[in-house]
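**Student:** With the hints as extra help, turn the sequences into a complete structure.
As you go down the protein sequences, you meet chains A and B in turn. End of the first sequence = 350 in this note's numbering, gap-free, step of one. End of the second sequence = 519 in this note's numbering, gap-free, step of one.
Hints listed in this document are in silico derivations from the structure and should not be mistaken for laboratory results. Careful, some of the hints might be misleading.
As the list claims (entries may be wrong) - One-sided excerpt, in silico: chain A residues whose CB lies under 7 Å from chain B:
| # | residue |
| --- | --- |
| 1 | F38 |
| 2 | F156 |
| 3 | K160 |
| 4 | P167 |
| 5 | T168 |
| 6 | G229 |
What the hints assert, rightly or not - Distance ranges between label pairs, derived from CB positions:
| # | chain 1 | residue 1 | chain 2 | residue 2 | range |
| --- | --- | --- | --- | --- | --- |
| 7 | B | R511 | A | V48 | 38 to 48 Å |
| 8 | B | R420 | A | G328 | 46 to 56 Å |
| 9 | A | Q193 | B | E494 | 50 to 60 Å |
| 10 | B | S362 | A | Q289 | 27 to 37 Å |
| 11 | A | K259 | B | E494 | 53 to 63 Å |
As the structure is a computational prediction, the values presented were derived from the model and not from experiment. Each residue gets a CB set at the ideal place from its N, CA and C atoms; glycine is no exception.
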Amino acid sequence: MSLNLDRNSKWMEGSGPQADIVISSRVRLARNLQGLPFPNLMNQAQEVQLIRQVGQAILAPGVFQSVGELKLLNLRELAPVERQILVEKHLISPDLAEGKGEKAVILRDDEAISIMVNEEDHLRLQCLLPALMLHEAWRLADAVDDALENELDFAFDQEKGYLTACPTNVGTGLRASTMLHLPALVLTKQAGQVLAALTKVGVAVRGLYGEGTEAQGNIFQVSNQITLGRSEEEIINNLSVVTVRLADQEREARELLRKQNRWQLEDRVGRAYGILANARILSSQEALQLLSDIRLGVEMKILRGIDQRLINQLMVRIQPAYLQFAAGKEMTPFERDVHRAAKVRELLAG
Amino acid sequence: MLCERCQERPASVHVTRIINGNKTEVYLCQECAREMQPQLNFSIPKFLAGLLDYDPGLELKAPPAIERCRQCGLSYEEFHQTGRLGCPECYHHLAARLDPLIRRLQGSSQHRGKVPRRAGGNLRVRREIEKLRGQLQQLVEQEEFEKAAQVRDRIRELESRLGEQGGGQ
Ligand SMILES: [Zn+2]
Ligand SMILES: [Zn+2]
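**Tutor:** Rendered as structure tokens:
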């Protein structure tokens, strides 16, 4: 199967519940097969055997009937830049892209389903949908899991649940997360306080881009910390409620800005658009900040004629591997900044 | 020559980097070279493993002999270093030391989520019986005796199925 790098993933659609703040929802299930060591202790023959076995399983009629056609890609057959693009589209982890050994990814055509093979666990099954659709993502992941379980013997213990390479995932093996755009909480200096409170309700927060607590582009990812002792529905419900609360908080901060700093706000959005539409050199950090500003403009209906789908597309297409792929060559950081500015102008011009 | 990153200061450092197996060479100023140093690698498993060192309760309970998983040979000490278990059987063979860690990480030790149809053994049936018992009690309280009798029969049927399987795994 060849990789269609030009297509946009389902999560990038930019529409759905709470789409003015919540960019995407993800549900990930960790699964391992009985009778095999976990990937960190597997030899090459076992890795190859597992990929073959999983490749067979996805061809079963039950899988097709339940979730449609799934296709397996051997990472060995992809160029490094292609693997990196899968990371930039959030379809695989950096560990899978860069790791040694035999690895594979299974994708559905709309990229709403991706299954990593031989990552930290034998299978990391994930469903990624736009906006706040955690329940839908869980139902889809549950269906994929059921269909695969008919073909594969998963390691399961009556007390500990699904057995995983790291005890932080044992039980449900479920990690649910939402990606939120919280510029007003950052601008009004509430983000630190609000996000710190989340850890008390079992929710972890990190910036999507950037290191540690810094979130370039004001995009945050929140996820459940605990995987054992609660049902999947409880975990999904809890994270949905937390996400809605966060979105409400952000909306309040936005309205406050609109009331108290209307001209500063509109000026900021307008300037960001002006720079993005005309700049000739754009660093990744500057681009992410300006994209956050125009995203806010779109979400608050200050800026017309642009939709969130385009901004999601921009966010992905200005990443290093995508730029190199589009340019067809490796580039120095400076060349990348020039290509990034050109790509932004091109996409904004439609 | 100017620094390739900031294009402001003169380049004085020559950096060779390997990205995805491809070698790239860049000329940078001192400032940019320092900023571009690889970030410290933060590994969650290692971090978790490190937490163990600071738990006096756990150290006291730790048995002195080295135990190994009888399936894959991993010792608890090796897990302690990497934060990764070797195989599904490790959960069973290393339980004496692993269970307290799991309780501390997860705040629980009993799975309450999904049960796979095939590998789940009789847990699915036991969950079903639990659910029916709750229904039965409700029906009795509501004096819906006819419906309650049906539920009771269904529970008996399921219990006899458990009995045939020997009750265990
Ligand atoms: Zn420099
Ligand atoms: Zn083991």
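**Student:** Next, verify each hint and record whether it holds.
**Tutor:** Hints versus structure:
The interface hint given for A/F38 holds, since its Cβ lies 6 Å from the closest Cβ of chain B, which is under the 7 Å cut-off. Taken as an interface hint, A/F156 checks out: its beta carbon lies about 4 Å from the nearest beta carbon of chain B, inside 7 Å. Hint on A/K160 holds. Least Cβ distance to chain B is approximately 6 Å, under the 7 Å limit. Because the closest C-beta pair between A/P167 and chain B is about 5 Å apart, less than 7 Å, the hint holds.
Because the beta carbon of A/T168 sits about 6 Å from the nearest beta carbon in chain B, less than 7 Å, this interface hint is met. A hinted interface residue such as A/G229 counts as satisfied when its beta carbon comes closer than 7 Å to some beta carbon of chain B; here the least separation is about 3 Å, so the hint holds. Range check, B/R511 to A/V48: about 40 Å between beta-carbon atoms, so the 38 to 48 Å window is met. Range check, B/R420 to A/G328: Cβ separation about 54 Å, and the 46 to 56 Å hint holds.
The supplied range of 50 to 60 Å is met by A/Q193 and B/E494, whose beta-carbon atoms lie about 52 Å from each other. For B/S362 and A/Q289, the Cβ-Cβ distance of about 29 Å falls inside the hinted range of 27 to 37 Å, so the restraint holds. The hinted window of 53 to 63 Å between A/K259 and B/E494 holds, with their beta carbons roughly 57 Å apart.
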